[in-house]
Amino acid sequence: MNFGRVAASALMAWLAHIGLTSLVWGDLLPNVFAGTLSMLRAPGERPLALGHSASLLGFFVFAYAFAKGYEGGVGAAEGLRFGVIVGLLLACFSGVWGYVMMPVSAGFALAMVVDAIVEMAICGVVVGFIYTPHAGRK
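Going letter by letter, the sequence shown gives residues 2 to 139 in this note's numbering.
Derived by calculation from the structure, the hints in this document are not laboratory data. Glycine residues also receive a C-beta, built at the ideal position from the N, C-alpha and C atoms. There could be a bad hint or two in this list.
Stated by the list, open to error - Pair ranges (Cβ atoms, derived):
| no. | residue 1 | residue 2 | range |
| --- | --- | --- | --- |
| 1 | F94 | A35 | 23 to 31 Å |
| 2 | F94 | A8 | 21 to 29 Å |
| 3 | L57 | G108 | 24 to 32 Å |
| 4 | S39 | M2 | 42 to 50 Å |
Could you put together the complete structure from these sequences and hints?
So, in C-alpha cells, the structure goes:
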C-alpha cells in the first residue's frame, strides 16, 4: 500500500466532495434543500470546521479501504465500483433512516439517496485514478 497516494487521493476526494455538495445542494437542488431550513442550525451556529474535519477523516478511511481492496485493475473503474458500493451503504444507513426519523419530504430523502450514490461514485473515481499507478509512473 502506498500511503502517500492514499493521502493524496483522500485529500482530492474530500475537495471534490466539498465542490459537489455545493453544486448539488446550492445550485442544482436549492428548492429541495430550502424545505429543510427549519430543521437546521442558524448559519452562525453551525460547527462547519467539525463537519469538514469529519469528512476529511472519512475520506482517509474511504481511500484506505479502497487501497486495501484494490485488485490491480483500471483504477478509475475500480474506484467507480467502490464508490457506488459506499454510496449504497450510506444511502441505506443515512438517507433512508433520515427519512424515517426526521420530518423531511420523500423528495428530499430521494435526493439524499441519489446524491450519496452519485457523489461517492465520483469520489471513488477520483481515489481510483489518483491511488493506482499509471503507465510510465512508478
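Quick rundown of the hints versus the structure:
1. F94 <-> A35: 23 to 31 Å: holds (25 Å)
2. F94 <-> A8: 21 to 29 Å: Since the Cβ atoms of F94 and A8 sit about 26 Å apart, the hinted range of 21 to 29 Å holds.
3. L57 <-> G108: 24 to 32 Å: holds (30 Å)
4. S39 <-> M2: 42 to 50 Å: holds (45 Å)
Checked against the numbered hints given earlier, the structure satisfies every one of them.
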